[in-house]
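K.L.:
Dock chains B, C and D against the given chain A, drawing on the hints supplied.
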Amino acid sequence: MLELPAIPIHLADLEQAGTVTNFLSIIIAAALANNVVLVQFLGVSSLFAYSDRLQSAIEVALLSFFVLFVAALINLLLFRFLLAPLNLEYLKLLCFVSISSGISGLSIHWIKQRFPLSLRRQKLAFYLIGGNSAVIGVALINTVSGLGIVESAAYSLGAALGFALLLIAFAALRQRLDTTEVPTPFRGAAIHLVSAGIIAMCFLGFAGPV
Amino acid sequence: MSNLEYQANQGASLWQNNPVLVQLLGLSPVLAVSNTVVNGLGLGVATAIVFILSCVTASLARKYISYTWRFVWYLLIMASYTTILEFLMRAYYFPLYQELGIYVPLICCNFAILIRMEIQSSMLNWKLTARDSALVAAGFLLAIVLLATLREFVATGSVLNDWQLLLATPWLPEVNQSATTGSVIFSFANLQPAALILLGLIVAAKNMLDSRFGFGSTAEKETVKPVTRARVTGSL
Amino acid sequence: MTIVDRLLGFKRNPRVHKIPGGIKPPAFKASSLRSRIMPTPIPRKLIMPLLQHQGVAACPVVAVGDRVLKYQLLAEARGTSSVALHAPTSASIVEISNTLVANGSAELQLCILLEPDGADVAVEITPIPDYRALSHLQLLELVTAAGICGMGGAGFPLAEKLRLSIDKGVELLIINAAECEPYISADEALIRERAELVVAGSKILQSICLASRCIIAIADDKTAAITALVNALQNSSIELVQVRAKYSIGGEKQLIQAVTGVEVPVGKLPSDIGVLMQNVGTAYAVYEAIVEGRPCISRITTVTGSPLITPKNFETLIGTPVSFLFDLCGIDKSAHTGSIMGGSLMGIALPSTKVPVVKTTNCLIATCAEEFPPAAPEQACIRCGFCATACPVSLLPQQLYAFARSREQDQLIDYGLFDCIECGACAYVCPSQIPLVQYYRASKAEIHEHRAQQLQSAHWQTRFQYHQYRLKEQKDEARERKSSRIETQAAKTSNGHFSRVRAREEIADAVARVKARKSKFISSSNIDQEKKD
Amino acid sequence: MQSLAACSPLQHSRLTIGRIMLLVVVACIPGISMATWFFGYGLIINIGLAICVALALEAAILTIRQKNVRLHLADNSALVTAVLFGIAIPPGCPWWIVVIGIFFAIVVAKHIYGGLGQNPFNPAMCGYLLLLLSFPLEMASWYLPSGSLLEQQSFNPLSWSGLQQSMLLSMPFLAVDSISMHASIDGLAMATPLAEFNMAGKSALLAAQESGLSIFARTSGTGWELVNIGYLLGGLFLLYRRIISWHIPLSLIVTVGLLAMFFYAPGSSAAYGTPYLHLFGSATMIGAFFIATDPVSAATTNKGKIVYGIVIGCAIYAIRVWGSYLDSIALAVLFGNFCAPALDHFCRPRIYGHGRSKELGS
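Protein chains in written order, with this note's numbering: chain A, 1 to 210; chain B, 1 to 236; chain C, 1 to 533; chain D, 1 to 362.
Next up, chain A with everything else stripped away, as it sits in the complex (with noise of 0.2 Å):
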């Protein structure tokens, strides 16, 4: 089995959770101190790459906080009821990459056909949100963290609130970035680089709380 990663996530502090405050302390945690794309970096380059309209960012913000978190559910209980008690364990990424495609793929041609979203480069937006590390990612951890399966669920759903608050929030951010007068070598990459440095630099002061 895995160990946990590198990264601290403070999880294993959580194994007594039981209450409703502590469901909303997981979800907090894994939305803010241990946001999974700054602090863990799971799905940086999403966020770069769909944050630079702001309209855009919120449509693919909502669509990618459905997908994560259906995503890490179904594989949660995917990895739970069938390829742990079966032994196939080998089997799981496979698994997580075929059933996150999937769902991204079948929830962008349900929205499709019911909302004329402004998605543009709706290819891309397949891939990048069924391929999304943060998608895999969190089934992941979700496989080794050692949690229930309702406080993982917990977990799932925080860390698509994360992904998708930040999305938008850093959306935001780089709007108004487009209007400021970075000085020439900084302006695009770097500077959103640099931002994104300064956001992980606050959201680590979370970490601890709960």
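Hints were generated in silico from the structure; no laboratory data involved. Every residue, glycine too, gets a C-beta built ideally from N, C-alpha and C. Check each hint, because a few of them may be wrong.
Beta-carbon label-pair distances, calculated as ranges [to be verified]:
(1) A:W110 - D:A74: 37 to 43 Å
(2) C:R451 - A:R114: 29 to 35 Å
(3) C:Q409 - D:G355: 18 to 24 Å
(4) D:A74 - C:L455: 44 to 50 Å
(5) B:L160 - C:A376: 34 to 40 Å
(6) A:Q113 - C:R500: 54 to 60 Å
(7) C:E239 - A:R114: 36 to 42 Å
(8) A:D52 - C:A376: 58 to 64 Å
(9) C:Q409 - D:A74: 29 to 35 Å
(10) D:L250 - A:L24: 25 to 31 Å
(11) B:L160 - A:G146: 30 to 36 Å
(12) B:S122 - C:Q489: 51 to 57 Å
(13) A:F81 - B:S158: 18 to 24 Å
Each computed DSBU-like pair below joins lysine-lysine, with the alpha-carbon atoms no more than 35 Å apart [what the hints assert, rightly or not]:
(14) C:K354 - C:K333
(15) C:K268 - D:K67
(16) D:K303 - C:K24
(17) C:K18 - D:K303
(18) C:K253 - C:K24
(19) C:K168 - C:K268
(20) C:K444 - D:K67
(21) A:K112 - B:K127
P.N.:
For chains B, C and D alone, coordinates are given in the frame of chain A:
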């Protein structure tokens, strides 16, 4: 992409079109495991192996992959190779594998690979694909090692601590392989924010070098021009 | 004004609504109000621009060398959005040429230059002491003939505004006496000295536009004027409303909001919500035009500024050069650094003091270095938000500024650039000395230009597409013709005789097909266009 | 002749950035003097050092960026950054800590973004946070010159020897004999009562609070009320001069107060500290009036400012009570800075004539 264009373009993936520094793809492993050079090198090489193998496989199988479901196929190819690699690492490089943690299986959703498969492997034959993917993987490795060197040096004042982790287990049965903590000078560089900030600085330095020495500059042109204050200069 | 007073004032005027934003620059009205309104002597030269208002320039009806009498028509209105021009005194016409005027740009304008003979001989005019004898359309006719435009500064032709209001049916006439610019005191002086006449003018306006209510709105710091108005309004149906004195309350939309609590919806005119607003000066001009029968040849103008020895309000002839008025007040030439026409906040810097007073000139300021220092260097915006607090239309000037600098036109429109009334309150309070209004004007111009270009390119694109289509069509037709010829030949050879009727039918069929295809193309390209939009 | 601006308005209010920034520094004076009275000269040395380094760095970078150095230095923004930074870091920390922090603040957090007005994050707090993450130990210990001697020998930190010791603490290389220096820094005061509260367990400080220590006592743990009152006065001065608007400080203070009240009441053990402790026993006041209100990085719309204050208030309370870092103002403010662009976007005011349609006479 024609063969000629490809020839002209080779080498670009290493620097001008570096997957990490320019396209910001596959950032998660770069940022997460670049705290030491050993980790960065380990994951970089692992990624490069999966990279080349996946691209070549996709190129060989390009006639059998249906267009609509190609991303699922690509992801499955990558996931298979990653799973194999994971098992190999667990067998021979267990301490390093433990250090890298969750980021080894996560190679399977590295966008740098995925996008390269989409662009190149679906068009080119396997030889060209192998060369191209090797170059892109080298670019990836370059970025991760650069960042890791910087971070480790700032944090501890030296590089390549725990180098023995890079040696495979069968040849080094006696050496204590658990990571040792070196003396820490500026611990901030070990933290996650430092990875982002330092990578940002590296990208900026790259932009500056490009514009200074005129490698196909990727830095955007000055778009903001201050409006000068117009004045009435007529006399009374 | 103390807080207690303000509270009492609030109680007295429950109708007054709070409006956002606004600034309170220090007032400089007292010095010009010290003396009474003074009629100016006739200057040696008069410059009459043909365009003194918003809209279309008037068309001269006199020629060089003619001698004109006072009140005689110099130029007639060209269409509805234009106003007539009358001779302010008896004079001879020296020249009709392009001359420097105050219009915000360095552009010259066509003017009639008069040389007064000093005799001041007038043509016959017909006073109408009782306006009730005439119908509202007759009155409108008279007002149109008098050549009046809005006297508040914007200068919208009065007749057109009235006609629009009659068409749409307004309920409320608001007479704007909320002069809020710090230097201007023309309206206040007018009300102080001629309140009855202003009220009479307002009544005429009310009967022309058929409004059921009339309100005179005045800023609450003009105590003497309020007293005069209260006296004049005894036993009158016209109401007096005191609004809080702050800058930009005098703007049309802002005053409507303060008095009625209703906002003029974007893209609509006040008449669309049943309100007509006119300036006090306009009401007075209407009184003169109807009751005294005099066309608009003079107006009240504040001439002020610290280099002037005795600032005062003049009843000045239209066309009088600015320097003549400054000399009348006595000017300290060494302290004089520049001149402003209009208020210090919305006015324009004059390129020269040779320019004439026009119908919209409510104020002339001679500036000195202490009061109007040269603009300080522009610094970075620190997003302090003072501008947003000052903005009377609740815009976010700091965001607009950022978008204007980075030329993000979609964002500019989204953040309401075209709702900006350019009152300048934001630039007045800006601690970074950023000329915000200048940025907005430049951006507006840029967006207009961009839109025009887009239209143009869309036009050329459709032309090109149609061209391509036509070429293809010609080719098809040629092919068709060829094949039909072969067919007919084949038919001829097989049947042995040529059917003229069938051939004609075939030709008609082909033409119909082509037409159908053409119409299909046009409709599909229209659909494409709509999709793009 | 002199010329007027080409475009209206031709008149200006004469308020400049330099003046605003100077007023902010002036408003800090009561709080700083209180803190100096409490902690000795260390704070003044910090601030002075920070100002020197900041101005020098600012001038150097402006030169590199080919800007008008004199004009941009005159906006006093580097001065404000340095003063706020100097207040935030503990007195008695070595000089190189100040230099590293200021370097990060001025170079990375400000000039990489393009200088004054462009930075989305508060530079002083970025510098402080870097230090907090890099040197947690140094940042948590507020040395008091011979603090342990306070009660026994009526030692006065404001005396000549206090100054000497403060200097030695900041610049250890000044000491000829290293042993004598170590002997003099045995006093260790906690950053805030809250810090002690966090470290010493839940009830130790509470007991001290409720046993009625005088707020004027210059022992560790109390006296912070006075410092906070100083900053409160400065903040009220800024409000009076309309340099800052009431939205952010009010919503922040009310949020922290309400949260403290809500969580204080139900637990009989009073585990989370009293509202009084949260408002006056920590850096809340300087955060609310001086740091969160930094116009460049805060939200700018009025509604946005209120939400911004609430976000920061919640973050302050959460980090303090459940977090592992001692003082949370910097973290919370940077988190608020991060949210500010989104808040501004979603809290735009309704523009005149848009939306609401009200009929005349209704």
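K.L.:
Tell me the hint numbers this structure goes against, listed in increasing order.
P.N.:
The structure breaks hints 1, 5, 7, 8, 13, 15, 21; every other hint is satisfied.
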